[in-house]
Amino acid sequence: MAEKACTAPTRPQSCDLCAVREHSICADLGPREFAQVEKTMARRHVDRGKAIMAEGEPNDSLYVVVDGSFRLSKILEDGRRQVTGFLFPGDFAGVRATGSNAYTAEALEQSTVCFFPHKFLEDVAADAPGVKDRLIARGQTEYHKAQDHIVLLGKKTAEERVISFIYLVDRAVGADAGPGKRRVPLPMPRQDIADYLGLRLETLSRTLTALKRDGRLYDLTRHEVIIAAGPDRI
Amino acid sequence: MKPEWRKYLAARAPRYTSYPSALHFDSSVSREDYADRLSAVELYEPLSLYVHVPFCKKLCWYCGCNMRVENDYSRALRYVSALAKEISLVGGRLAGAGRPRSVHFGGGTPNYLLVDEIADILQAIELEFGLTDDARLAIELDPRLIRDDDINRLADLGFERMSLGVQDFDHEVQLAINRVQSFDMIESAVGEMRRAGVNDISFDLLYGLPKQTLGAFKESLEKTLALAPDRVAVFGYAHLPSALPRQRLIDSESLPGADLRVDLAELADEMLIAAGYRRIGFDHYAKPDNPLAVADREGRLRRNFQGFTDDLAVTTLGFGASAISSVNGLHVQNEKSLTGYYDDIAAGRLPVARGIELTATEIAIAGVIQDLLCKGSANIAPVLAAVAPGEAVEICARLDMLEADGLISWGGNIVLIEAEARPLSRCVAMALDPYEFPHKSKPSVSLARAI
Chain A
1 MAEKACTAPT RPQSCDLCAV REHSICADLG PREFAQVEKT MARRHVDRGK
51 AIMAEGEPND SLYVVVDGSF RLSKILEDGR RQVTGFLFPG DFAGVRATGS
101 NAYTAEALEQ STVCFFPHKF LEDVAADAPG VKDRLIARGQ TEYHKAQDHI
151 VLLGKKTAEE RVISFIYLVD RAVGADAGPG KRRVPLPMPR QDIADYLGLR
201 LETLSRTLTA LKRDGRLYDL TRHEVIIAAG PDRI
Chain B
1 MKPEWRKYLA ARAPRYTSYP SALHFDSSVS REDYADRLSA VELYEPLSLY
51 VHVPFCKKLC WYCGCNMRVE NDYSRALRYV SALAKEISLV GGRLAGAGRP
101 RSVHFGGGTP NYLLVDEIAD ILQAIELEFG LTDDARLAIE LDPRLIRDDD
151 INRLADLGFE RMSLGVQDFD HEVQLAINRV QSFDMIESAV GEMRRAGVND
201 ISFDLLYGLP KQTLGAFKES LEKTLALAPD RVAVFGYAHL PSALPRQRLI
251 DSESLPGADL RVDLAELADE MLIAAGYRRI GFDHYAKPDN PLAVADREGR
301 LRRNFQGFTD DLAVTTLGFG ASAISSVNGL HVQNEKSLTG YYDDIAAGRL
351 PVARGIELTA TEIAIAGVIQ DLLCKGSANI APVLAAVAPG EAVEICARLD
401 MLEADGLISW GGNIVLIEAE ARPLSRCVAM ALDPYEFPHK SKPSVSLARA
451 I
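If you're matching them up, the sequences are chains A and B in order. Just so you know, full-length UniProt numbering puts 75 at position 75 of the first sequence, and the rest follows in order with no gaps. Just so you know, full-length UniProt numbering puts 145 at position 145 of the second sequence, and the rest follows in order with no gaps.
In short, the hints are calculated from the structure, not lab data. In this text the structure is predicted, and so the values were computed from the model without any measurement. Glycine residues also receive a C-beta, built at the ideal position from the N, C-alpha and C atoms. A portion of the hints provided could be inaccurate.
[As the list claims (entries may be wrong)] Footprint (simulated), chain A over chain B, 3 or more residues, beta carbon under 8 Å: (1) 93-105; (2) 256-262; (3) 365-377.
[Unchecked claim] Residues of chain A placed beyond 12 Å of chain B at every Cβ, according to the derived structure: (4) Cys15; (5) Thr40; (6) Glu77; (7) Ala146; (8) Glu159; (9) Arg182; (10) Pro185; (11) Met188; (12) Tyr196; (13) His223.
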């Protein structure tokens, strides 16, 4: 079982500097709601390997990833762990309060989350109907992650799966890296990528190496890949 | 064995690797039914995959499997390419759903295929269904066909469980079944496996073979123990020459009688238990730290088409001629003949020939039989509730007879098979099986003896 993070929450001075604000839950809040958010939400640092949500345990907060990344996983009926997705800045976890989380969310690196107790969200919703729906419709939640995953697993070559995965991460956290280039961080271990893509580690490594050799990846290191910008670029 | 149990030895009992067994499959189930069930498989549903390789170099006269002797390797290549197409047909239906947790290569002789072909099949599975490093790969091997470096290459592919068809080490017995393989050959295969880091080696032994004697079988068991396999399966040879013509090559006169069969089975049991193996179900033995033994200790043992297993996947997908699949209450079997199988694959059809859709009653019976065989006890209330009242009375009457003979005891609705009677588990299971009663006036010619 993943170790639960227990860093004391710190309340931000202001949300003004929040890097993800424009594509987070808060972007949909009016000034009055926003003032309440500032009073009620909390920000927490999560160390690498620590969990914000653990499978089977209760959860009463909505989390927004502000910085860093998380691995979503669940234990299947047969006792094995399945990597079901990754969370990046702007993504949500814990969309509903539950007595038993369906999955575990562990930090892949030093990360930061904001969290909102569901009880508070309901209070806000009473004043401003539809806030919860708007936020769920807007961001990437665990349900979107499941959609992403089945699309990836339905692809019939290792190369397609790997390329689609790189695009997926690029859309979430890719950044320009000079003219015509994008830097795509890969904060997760290769084994997690392989498990997520339904590939054996060796197949993943072989596929990445071949893409690099053919010049379709400009560069490939343990924690990032450099690709061309633009559509159909790998 | 208690004298009052002898009458059960002559009973012909299904192996119950599925319920209902494949004998009751018919053409009422179509490939469309199978396709529908495949489409309903859930995103991360654990899958257990089976790949059937129906080729052998030589004919073993005892064999009851779907196989053919083949000397032209190009025919095997044709089969491998058909397998890849079948895997892709099923993969199209799953569309990314389901995750293989184990892949078992059986036969016939899987290592009739060269390692390159086996790697190709695994790759097709990886691309169609996803195959991760924690999936368990197992393969049955004919020691006579193991080529230089095969074991290392199979281990590199990720096979961590290897099963050797030993049957019996005695040369006279080997001649009588047309499967001659020296102790040195098996010993060197085991050595290679150990050096390659394979720590789940399984031997299949057979009792009830022609020319078997207690003395010689004891030596075979000593040789088995000397090689210290991690698991041993001890199966009773089923002599059914009218259903399996190739078995007519075996001289019926040289087969051990019912009493000797029991003595051989008991000798194997005593020696394996004395050597520290744990008894698993009614015909498997495993070292205490083997995953099968751990599963048994923790009450997780299951029975699937391959026998007793620690594989928890309920959904089984079989590939190749005659392979059986089970998805959410539907069992189907592929075309048995290669011609029929190839025709379907060429036409882009799932090669389903027959099957059965389980009724609610059959699902209840299947669950109770699973518990009886795997745990030695079962709560039979679900079956009594599911069957017609008259049938429930008959089931109870049959169980009362088993109780009177001391095979089972009762605790409320729980039927407990006595430890000594575990080898007769299938007879207890049969008491709950409407297929075996009431229309059973004479022993079936297609079922094996209980022991």
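Please write out, lowest number first, the hints stated earlier that are contradicted by the structure. Hint check: 2, 3, 6, 7, 8, 12 fail, others pass.
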